[in-house]
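Dock chain C against chain B, hints included.
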Amino acid sequence: EADIYQTPRYLVIGTGKKITLECSQTMGHDKMYWYQQDPGMELHLIHYSYGVNSTEKGDLSSESTVSRIRTEHFPLTLESARPSHTSQYLCASSDSGYGYTFGSGTRLTVV
Amino acid sequence: KNEVEQSPQNLTAQEGEFITINCSYSVGISALHWLQQHPGGGIVSLFMLSSGKKKHGRLIATINIQEKHSSLHITASHPRDSAVYICAVRVGTGTASKLTFGTGTRLQVTL
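Which chain is which? The protein sequence lines are B and C, in order. Position in the first sequence counted from 1, then plus 18, gives you my numbering. Position in the second sequence counted from 1, then plus 186, gives you my numbering.
The reader is advised that the hints may include incorrect statements.
Said to hold, decoys possible - Computed from the model, here is a short list of chain C residues facing chain B with C-beta under 7 Å:
1. GLY227
2. GLY228
3. PHE287
4. THR289
To be verified - Ranges between beta-carbon positions, derived for each pair:
5. ASP48/B <-> GLU203/C: 40 to 50 Å
6. GLN200/C <-> ASN71/B: 48 to 58 Å
7. GLY115/B <-> THR261/C: 21 to 31 Å
8. THR104/B <-> PRO225/C: 16 to 26 Å
9. SER236/C <-> ASN71/B: 24 to 34 Å
10. HIS242/C <-> ASP21/B: 17 to 27 Å
Stated by the list, open to error - Mimicking EDC-like on lysine to aspartate or glutamate, the simulated pairs with C-alpha atoms at most 20 Å apart in a straight line are:
11. LYS254/C <-> GLU191/C
12. LYS240/C <-> GLU253/C
13. LYS49/B <-> GLU90/B
14. LYS284/C <-> ASP48/B
15. LYS49/B <-> ASP21/B
16. LYS75/B <-> ASP48/B
17. LYS284/C <-> GLU74/B
18. LYS284/C <-> GLU201/C
19. LYS75/B <-> GLU90/B
20. LYS284/C <-> GLU60/B
21. LYS284/C <-> GLU191/C
22. LYS284/C <-> GLU97/B
23. LYS36/B <-> GLU97/B
24. LYS284/C <-> ASP113/B
25. LYS240/C <-> ASP267/C
If you're looking for bench data, these hints aren't it; they were derived computationally from the structure. These figures come from a predicted structure and were not determined experimentally. Where a beta carbon is used, it is the ideal one built from N, C-alpha and C, also for glycine.
Pulled out of the complex, with its shape left as it was, chain B reads as follows (with noise of 0.2 Å):
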């Protein structure tokens, strides 16, 4: 049984609109990630937090923001989707013993 949540699972958007992608997770965790991964790719860190009101870019240079005002909470936001941001994304969370929850994922595609 899934404890991280993400909606949608899949997501076909014009160009130009703004979408928020959702990450809910039940375990508490402090640690929550985004990861970005194009097909036949690695995945690739855009985003992550280490508690509530704490946000940091990843390795990924991503036009997407977060935001973390709940600990369980943790959704991705694009103010204007463009075809590049076409691509699968992922959200994860940590326990302090550095074991990570991956949640479905939502594909992404923007026309």
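Showing chain C alone in chain B's frame:
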């Protein structure tokens, strides 16, 4: 050159075969993770290793820190094992730690 290299990139096996997937890395690490990604995109954490060997069911993971190498073995493979297997290394400790991912090994097990 990626800091994490996996081999093979693609692997086809018949049901019942013993499978080995290899991971080599070029940096000092605090732990290594083996992950499984199914076609739907979600990721499941299989193992987290910092030394030695771990076993879970038909899966065995080993790591040699001196050689900077890890292997994932699947005994008596089954079509439901078909997935992408990803090696990820954790670099750094505490709040400075981050995961670096390999590109994955795509495994197909046929009847």
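Comparing the hints with the structure gives:
| no. | hint | in the structure |
| --- | --- | --- |
| 1 | GLY227 | holds, 4 Å |
| 2 | GLY228 | holds, 4 Å |
| 3 | PHE287 | holds, 4 Å |
| 4 | THR289 | holds, 5 Å |
| 5 | ASP48/B <-> GLU203/C: 40 to 50 Å | holds, 42 Å |
| 6 | GLN200/C <-> ASN71/B: 48 to 58 Å | holds, 53 Å |
| 7 | GLY115/B <-> THR261/C: 21 to 31 Å | holds, 27 Å |
| 8 | THR104/B <-> PRO225/C: 16 to 26 Å | holds, 18 Å |
| 9 | SER236/C <-> ASN71/B: 24 to 34 Å | holds, 31 Å |
| 10 | HIS242/C <-> ASP21/B: 17 to 27 Å | holds, 18 Å |
| 11 | LYS254/C <-> GLU191/C | holds, 11 Å |
| 12 | LYS240/C <-> GLU253/C | holds, 18 Å |
| 13 | LYS49/B <-> GLU90/B | holds, 10 Å |
| 14 | LYS284/C <-> ASP48/B | holds, 15 Å |
| 15 | LYS49/B <-> ASP21/B | holds, 14 Å |
| 16 | LYS75/B <-> ASP48/B | holds, 16 Å |
| 17 | LYS284/C <-> GLU74/B | holds, 12 Å |
| 18 | LYS284/C <-> GLU201/C | violated, 36 Å |
| 19 | LYS75/B <-> GLU90/B | holds, 19 Å |
| 20 | LYS284/C <-> GLU60/B | holds, 14 Å |
| 21 | LYS284/C <-> GLU191/C | holds, 17 Å |
| 22 | LYS284/C <-> GLU97/B | violated, 27 Å |
| 23 | LYS36/B <-> GLU97/B | holds, 4 Å |
| 24 | LYS284/C <-> ASP113/B | holds, 13 Å |
| 25 | LYS240/C <-> ASP267/C | holds, 18 Å |
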